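Colleague: Okay, here's what each chain looks like letter by letter:
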Amino acid sequence: MDNEQIAGLIETSLPETILGWETTHDQLRIATDLEHLLPLLETLLNHPELKYELLSDIAAVDYVDRSPRFDLNYILFSLRNEQRLIVNCRIDDRQEVPTATHLWSAADWAEREVYDLMGIRFSGHPDLRRILTWDNFEGHPLRKDFPVRGENFFDAAFDPDSIRVNSAFDRQEPAGADADESKTLILNMGPHHPATHGVLRLELELEGETIKNSKPHVGYLHRGIEKLAEERNLLQIIPLTDRLDYAAASVNNLGFCLTAEKLLGVDTPKRAQYIRVIMAELSRIMGHQLWLGTHALDIGAMTPIFYTFADREMAMDITEEVSGYRLTPSYLRIGGVAKDVTPTFAAKVKNFVQKMKTAVEGYHTLLTENPIWTRRTKNVGVISAARALNFGMTGPSLRASGVPYDVRKAVPYSSYDDFDFQIPVGEEGDAYDRYLVRMEEFTQSLKIIEQALDNLPSGPFKTDNPWVAAPDLETVRQDVGALMHRFKLVYPGPSIPAGECYHAVEGAKGELGFYLVGDDTSRPYRLKMRSPCYYLVGALPELIQGHMIADVITLIGSIDIVLGEVDR
Amino acid sequence: MSELLLTLAVKSVLVVSVCMLMVAYLTLAERKILGFIQLRYGPNRVGYWGLLQPIADGIKAFLKEELTPANADRKVFLLAPIISIAAPMLLLVVIPFGDTVTLFGREFTLYLSNPDIGILFVLGISTLGSYGGVLGGWASGNKYGYIGGVRSTAMMVSYELSMAFAVICVVLLSNSLSLVDIVHSQAGVWNIFKAPVAFLIFLISGLAELNRTPFDMPEAEAELCCGYNVEYSSMKFALFFFGEYTHLFILGCLTTTLFLGGWHGPLLPGIIWFFIKTFAVIFLCIWQRATFPRLRWDFVMKLEWKFLLPLAIVNVLATGFIVAIF
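Line order of the protein sequences matches chains A and B. The first sequence runs 1 to 568 under this note's numbering. The second sequence runs 1 to 326 under this note's numbering.
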């Protein structure tokens, strides 16, 4: 179904609820009001011909001078129609929004984030606490009237010790004589713990070694990237995106560049698209190598990490070859890439692909058939396809449950439809399937890289659109007009037209989306990042419920989270 | 009389110092072997080929700040590392490193003592060593330490059983509880060929007692961030660490004594054979550490109670039957 048919369908099934609809940047947006929001969302989820089962994100925008002040954008995806929909709702400062947690479990964390950063309250939310900032934080940082530097953190009077993150459990730890009454033990795992992959903190309620209940705390690595982006031009935001999922940086660049290009209406030459694909798949392999090594280390196999890191080094070398950096390349630019690839690059990539093919077989011999490994991962953390979707899980973790949703196939971008590759899908949805799916993604990514490299078209590596592409330095030296042109594009940066758009790519961890709002200046009015890991952590309590302490570690590893992306 | 005491004193000093030096270098050996398996060098900065690394580690451990948590049970907290190093060191007393040698026209035995109940002494004292982990975990006043201590207790209770049953097989075969007699009885055929199942059970239970991967439940660094010794620092930690390696060394010695024919071997002197075999066993332990993932807690218990223990009991019955018939 195309966008118009879907809009017609929604209009006929719920005639009174929608205020209007439009298709901008190939995306269907429907507007509704607060009163009709919940019935509309319910229909969208349950209507047999629509089935928007995946709540990608809730992007709130603060129009400080407008009344009503806030925009809430529910970004939904229907696997049935392979189509994305944005539901827009305007609300006022004092209004409470009915919660959507009973429709999508993903709304739990999405709404907590909106509440924390924008100060919008959701009525009926089971656990509306701050999530990225600390519990006694004052103000809501993503509101436009909140200063970028923060309120008072640099004052001498601000005491870092006053920061509190309270227990998510209501109960008090019984002391002394009362201790007998309590049969459970609250164990704080993290934020400083060797196996939480960064600064994740889990509060576990244990009965013996079995987990009765658990509450994750995130935000220890929150750097306010979304707020920082509001003070930077497009070129300056690219390095910020590197620091989301720093294990697979190029694919973050790709997501942001594609979003900006979509809003700016810039086309990228074919050669640049292919180079971008190579870099994105390379970073996916790097991300998976890091995952495999640490995941195995968590389960106690200490050797695989050294093998994967030795191979990862080759991918690092390639990244360094094209961009000069190893971990945070910032290689992509709006409209293309920073510079053309060299013949050395091609040779290195070829060599890497060859070596990785045997290396992947080696990884398999180390773990796949190992009886201890299968005992530790099979039937651990089983999640059904419906539950996984409901939690907003994406990427390999969702595909292991049997849902063939991959943004590269569902909504192809950057010439991904030119390549022949498969989407590995699991059956059981346990930790072992998540392992197998990622192992197969190594092979598929290598296949894509090989094809892209063999068919790399000649031509420019950057767009010639004058609105984003600066003249080269040689021309600048000769021509004063070119000098001014370059200055305008580099110093204030390209102007972002008024409008909003959402674009997602398949990151190493799942659907990595950017919601970009422009207002005709060179800085984004709002940049919301849809982080796949954020929702994976949100699903973690469901996964670890009833398992043992050792399985917690297995499951944190098996959903492959990077806290830089969770906390942004 | 004084001559006897002097001999004993010299021998004690010799055994303790030589063995402790070996244990110190065992840490280096482990890191080097793991390094070779894992595409890296291992320590190579202190001394040639990293040979002074154990000494540097020791100095570092001495100079580190000593911390005792405020809610720790101070006496037990202090006692735990002492137990965990003292027990394996006590076992050195009964290990027969070799037979008798003649020096300066005198006969010396290459072991400190040969009690008639040698093997019972070994089983008793090695269980005592596990109290180090248990008490350390409980006294730390830390939840991770506490869980580590609980796991340590369960490990101690369970794997001790199958280990004892495996040893009973050896006792049946050699008709003696004395370690020296057990070695003597293997002059022809080693026990590993007579009782291969008992050997496997002994080795697996030994690894479990040692808390080594894949059975390193009490200190699983990924889940419990070191478990029972999480609150220990400085020399107290070093004692735990050293105790564990001494225990590994003792396991090598015991396996050699009980199953691999002790000092028996062609050409080379007995004592050299003894250490070759001991280090072969230790190498096996290090090798499997680099290879296997960690088992989960409930699998470890199931393995013992549902598999190893019944197997060990059946094995004892079968061995007894065969010994009685032939």
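Rather than coming from a laboratory, the hints here were simulated on the basis of the structure. Wrong hints could be hidden among the right ones.
Said to hold, decoys possible - Quick list of in silico lysine-lysine cross-link-like pairs, DSS-like style, CA-CA up to 27 Å:
#1 A:Lys409 - A:Lys270
#2 A:Lys215 - A:Lys270
#3 B:Lys306 - A:Lys378
#4 B:Lys143 - A:Lys215
#5 B:Lys60 - A:Lys183
#6 A:Lys144 - A:Lys270
#7 A:Lys215 - A:Lys144
#8 B:Lys75 - B:Lys64
#9 B:Lys32 - B:Lys11
#10 A:Lys212 - B:Lys143
#11 A:Lys215 - A:Lys357
#12 A:Lys378 - B:Lys302
#13 A:Lys212 - B:Lys60
#14 B:Lys64 - A:Lys183
As the list claims (entries may be wrong) - Pairwise CB distance ranges, derived in the manner of DEER restraints:
#15 B:Leu6 - A:Ala310: 41 to 47 Å
#16 A:Asp93 - B:Ala70: 55 to 61 Å
#17 B:Gly141 - A:Thr210: 21 to 27 Å
#18 A:Gly324 - B:Ala56: 55 to 61 Å
#19 A:Ala310 - B:Leu161: 52 to 58 Å
#20 A:Lys355 - B:Glu66: 36 to 42 Å
None of the values given here were measured: they were computed from a predicted structure. Every residue gets a Cβ at the ideal spot worked out from N, C-alpha and C, and that includes glycine.
Colleague: If a hint holds in the structure, say so; if it does not, say that too.
Modeller: Taking the hints in turn, this is what the structure says about them:
Distance restraint check for A:Lys409 and A:Lys270: the Cα-Cα separation of roughly 18 Å lies within the 27 Å cut-off, and the hinted pair is therefore satisfied. Using a Cα cut-off of 27 Å, the hinted pair A:Lys215 and A:Lys270 is violated, with the two alpha carbons roughly 46 Å apart. A distance of roughly 20 Å separates the Cα atoms of B:Lys306 and A:Lys378; the hinted pair therefore holds under the 27 Å criterion. With a C-alpha separation of about 17 Å, the suggested pair B:Lys143 and A:Lys215 falls inside the 27 Å cut-off, and the hint holds.
With a C-alpha separation of about 42 Å, the suggested pair B:Lys60 and A:Lys183 falls outside the 27 Å cut-off, and the hint is violated. Straight-line distance between C-alpha atoms of A:Lys144 and A:Lys270 comes to about 39 Å, which puts the hinted pair past the 27 Å bound. At most 27 Å may separate the alpha-carbon atoms for a hinted pair to count; A:Lys215 and A:Lys144 exceed this at roughly 31 Å. Restraint check for B:Lys75 and B:Lys64: the C-alpha separation of about 21 Å stays at or below 27 Å, so the hint holds.
Distance check on the hinted pair: B:Lys32 and B:Lys11 sit about 31 Å apart at the alpha-carbon level, beyond 27 Å; violated. Between A:Lys212 and B:Lys143, the direct Cα distance comes to roughly 17 Å. Compliance with the 27 Å bound is thereby established for this hinted pair. Between A:Lys215 and A:Lys357 the alpha-carbon distance is near 40 Å, which puts this suggested pair outside the 27 Å criterion. Proposed proximity of A:Lys378 and B:Lys302 is supported: the alpha carbons are some 17 Å apart, at most 27 Å.
Using a Cα cut-off of 27 Å, the hinted pair A:Lys212 and B:Lys60 is violated, with the two alpha carbons roughly 42 Å apart. Straight-line distance between C-alpha atoms of B:Lys64 and A:Lys183 comes to about 38 Å, which puts the hinted pair past the 27 Å bound. Taking the beta carbon of each, B:Leu6 and A:Ala310 are about 56 Å apart, not inside 41 to 47 Å as hinted. Distance hint check: the CB atoms of A:Asp93 and B:Ala70 are about 48 Å apart, inconsistent with the given range 55 to 61 Å.
In this structure the hint that B:Gly141 and A:Thr210 lie 21 to 27 Å apart at CB holds, the actual value being about 23 Å. A hinted range of 55 to 61 Å is violated for the C-beta pair A:Gly324 and B:Ala56, which are about 38 Å apart. Checked against the hint of 52 to 58 Å, the C-beta distance between A:Ala310 and B:Leu161 comes to roughly 43 Å, which is inconsistent with it. Separated by about 49 Å at the C-beta atoms, A:Lys355 and B:Glu66 break the suggested range of 36 to 42 Å.
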